[in-house]
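Start from the sequences, fold in the hints, and give me the full structure.
Residue-level listing of the chains:
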Amino acid sequence: MTSKLRIDSRYLPIVVTLGLFILMFLVGSLRYTGFFSAQVFYNLLIDNAFLIVVAVGMTFVIVSGGIDLSVGSVIALTTMISASLVQEHHVPPLVVIPLVLLVGTVFGWIMGSIIHYFELQPFIVTLAGMFLARGLCYVISIETITIDNPFYQHISQMKIPLPGGFISISVVIALVVVAIAIYLAHYTRFGRAAYAIGGNEQSAVLMGLPVAKTKILVYMLSGFCSALAGVIVTFYMLSGYGLHALGLELDTIAAVVIGGTLLTGGVGFVAGTLVGVCIQGIIQTMIMFEGTLSSWWTKIAIGVLLFLFIVLQRVLTAGKKLNKLGA
Amino acid sequence: MKNRLVWALLMLVVLIVINVIKTPTFLQIELKDGHLFGSLIDILNRAAPLILISIGMTLVIATKGIDLSVGSVVAIAGAVACLFVSQHESGDSTVSTMFTAIGLALILSLVAGVWNGLLVSAIGIQPIVATLILMVAGRGLAQLITGGQIITVSMKPYSFIGAGYLAGLPFSIFIAAGIFIIALLLTRKTALGMFIESVGSNPEASRLSGIYAKSVIWIVYIFCGLCAGIAGLILSSNVSSADGNNAGLWYELDAILAVVIGGTSLNGGRFYLLGTVIGALIIQTLTTTIYSIGVPPEITLVVKAFVVLIVCLVQSDNFRKKISYLAKNRSKARQAAKKEVSA
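Protein chains in written order, with the numbering used here: chain A, 1 to 327; chain B, 328 to 670.
It is worth saying that the hints were derived from the structure and are not from the lab.
Every residue, glycine too, gets a C-beta built ideally from N, C-alpha and C.
Be aware that a few hints might be false.
[To be verified] Across the chosen pairs, the derived CB separations fall in these ranges: (1) A/P150 with B/Y618: 36 to 42 Å; (2) A/P161 with B/F633: 46 to 52 Å; (3) A/P98 with B/I650: 33 to 39 Å; (4) B/A504 with A/K213: 55 to 61 Å; (5) A/P98 with B/K648: 36 to 42 Å.
Written as C-alpha cells, this is what we have:
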C-alpha cells in the first residue's frame, strides 16, 4: 500500500544528493549575507562548467563498468595544443577547436580499443593514457602559454544576461552537453547498451548487444568530453599549461559517485552527475564565504561526502539483495 | 616467475648499459670521508622510498586490491613528523623528540591502513574506490597539518633517517632492505604469503577453506599504510621539510608501475617481492637515465606511459594470442604464396 509513496531505491542516492544540495544552499543563505542570490548559483555553474562536461563523459564510462583516469591530463593537453597552435603557429581558432576535439576523441578511441581487444583493466590503460597526455603537454612546452587571440578573449568575456545575473558561454555549452547526454543515456540504443554492459557484460554479449562498439564509444565519448572541457578551460584561463586540471580525475569520479552512479556499473544518472558537481562547487563557495577556512577543507569535505555516499550505495545494494533473498 | 624476473633484470641491465655508454664513470663508486659515492649508490638511495611503498603495494595487489592512498599517507606521515619536530626543536632531548615524531607518524599511517582495510574488508567497498577516499581527503589532511606551508626542520638526528650514512651506505637503503627482508620472511617462511595469494585468487573459496580472508585483507592494507608512512619519513627527512601539497604526489602510480613491471599481475593471486624491488629500481634508473641523457625530464612521463602499456600488453593473454595468431597467418600466407609461385 505504501509502495507508491516510497521512492524507488534506485533513485534514492540522487534524491539524497539533491536534498543535500538544497540543504547546503539553505544553510549558506542563512549563515552568510549575500549568499542567497541568483548570481552565486550562476557562479557555481560558471566555475564548474568544465567539470560538468568531463563528469558527464565519466558517467558513461562508469555506468559501463569502467573508469577513465586520463581526463585531467587530456584537458591539460587540449589547453596546451590549443594555446600552442593559436599562439605560436597562428592557426585560426575555428580550425583549432575541432582539431583538439578530434584529438581527444581519438585518444579515447585508442584507450577504448586497447581495453576491449586486449582485455586489460580500464584502470591501468587510462593510467597510461594519463601519463602519456600529461607528458605530451611537457613535450610541447613546460611553460605556460598565454593566449591573447581576440577570438578567445572575446568568448571568455562574453556574458549572457539572465534574471538576477549572468552566465558565461561555457555554462551554455555544459548544459547542452548535459541535455544531449541525458538523451543519449536514457533514450538511445547506445545508452541502453552501456547500462547493460555495466550491469553484466557477459549477459550483454549473450543478448547480442554490440559490446565492442559500445565500450569503445564510451571511452571516445569521455575523450571528447575531456577535450571539450579542455576548450572551456582554455576560455576560462586563457592559457595552456601542463599542470592545468591536475588531479581532476578524482574530483570527477567523486562528482559522479555523489551524483548517484554506482561504481560497480549499471546504475547511474547524468542529471545526478550535474548535481554532484554542484555539490562540490557549493562546498567551495561556502568555504570561500566562511573566509576563515582554507581550501584544503574542500578536499576533506569531498572525501567525507564520498565516503558517506559510497556507504549509502553499499547499504542500498545490500538491501536490494536481501529483499531478493527474502522474496 | 624466473622468466619474469629475467625480463625485468634484462630491462635494468639495458638501462645501466645505456648509462655507461653515455657516462663511462656511471659504475664508479668512490670512497669519500668514509661514505660511498656514485651514481649507483645515488639511485639506490633515491629508490628507497619507492621500494618501500611498492613492497606494500605488492601485497595489496596480490589480494586483487589496490591502494591509491599511499601518496597521501606519505604526505601525512612527513607532515606530522616535521610538525612535531619543528615544535620541539629547541628542547634538550632531541633523540626522544625524534622517536616521538617517528612514532606519531607511524601511528597515523597505521590508522590510515586500518581505515582502508575497514572499508575494503569489513564494508566490502571496491579497493580502488575505498582508497580513493583517503587519497582525496588525505592530501587535504596533510595540507591541514602543515597549514598549506612547507615546514622545514633542522634537527640532526631526524635528518639521519633519509640523509644519514651507516657503514658507508645511505641509511635509507638499510630501512628499505630491512622491510624487504621482513616482508619476504613473513610471506615466504610463514603461511601468510599463501593466504594472501589464496585470497587474491578467490576470497570466497579461501574463506570456505578456513582462511580468515577479511583479516588477511586487513593486514595487507595496514602493512601498505605503514610502508608508505616510513617512506614519508625518509622523504621528509631527506629534504628536511614537509610539503603537504606535493610530498608523495604521483607515488601511487609509480608504485603500481613498479609492481606490474616486477611481474605481479593486477588480477591478484600471485606476487613477486624481488620483482617489485627490481621494478622500483628500473623506474628510478629510468628517471636518472632520462636526466643524464639530456632528454628533457618532462618526457619521463611519456616514457613511463609506454612502459606501462608495453608491460601490460605483454602480460595480457589476449594480446599474446593475437600476436601469435597474426604471426601464424603471415607464415601461412607466405607458404601459400610460395606454393603459388612453385605451381
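Hints versus structure:
1. For A/P150 paired with B/Y618, a C-beta distance near 41 Å keeps the hint of 36 to 42 Å intact.
2. Between A/P161 and B/F633 the Cβ separation comes to about 49 Å, which falls inside the hinted range of 46 to 52 Å.
3. For A/P98 and B/I650, the Cβ-Cβ distance of about 36 Å falls inside the hinted range of 33 to 39 Å, so the restraint holds.
4. At roughly 51 Å, the beta-carbon separation of B/A504 and A/K213 lies outside the given 55 to 61 Å, and the hint is violated.
5. Between A/P98 and B/K648 the Cβ separation comes to about 38 Å, which falls inside the hinted range of 36 to 42 Å.
Checked against the numbered hints given earlier, the structure breaks only hint 4 and satisfies all the rest.
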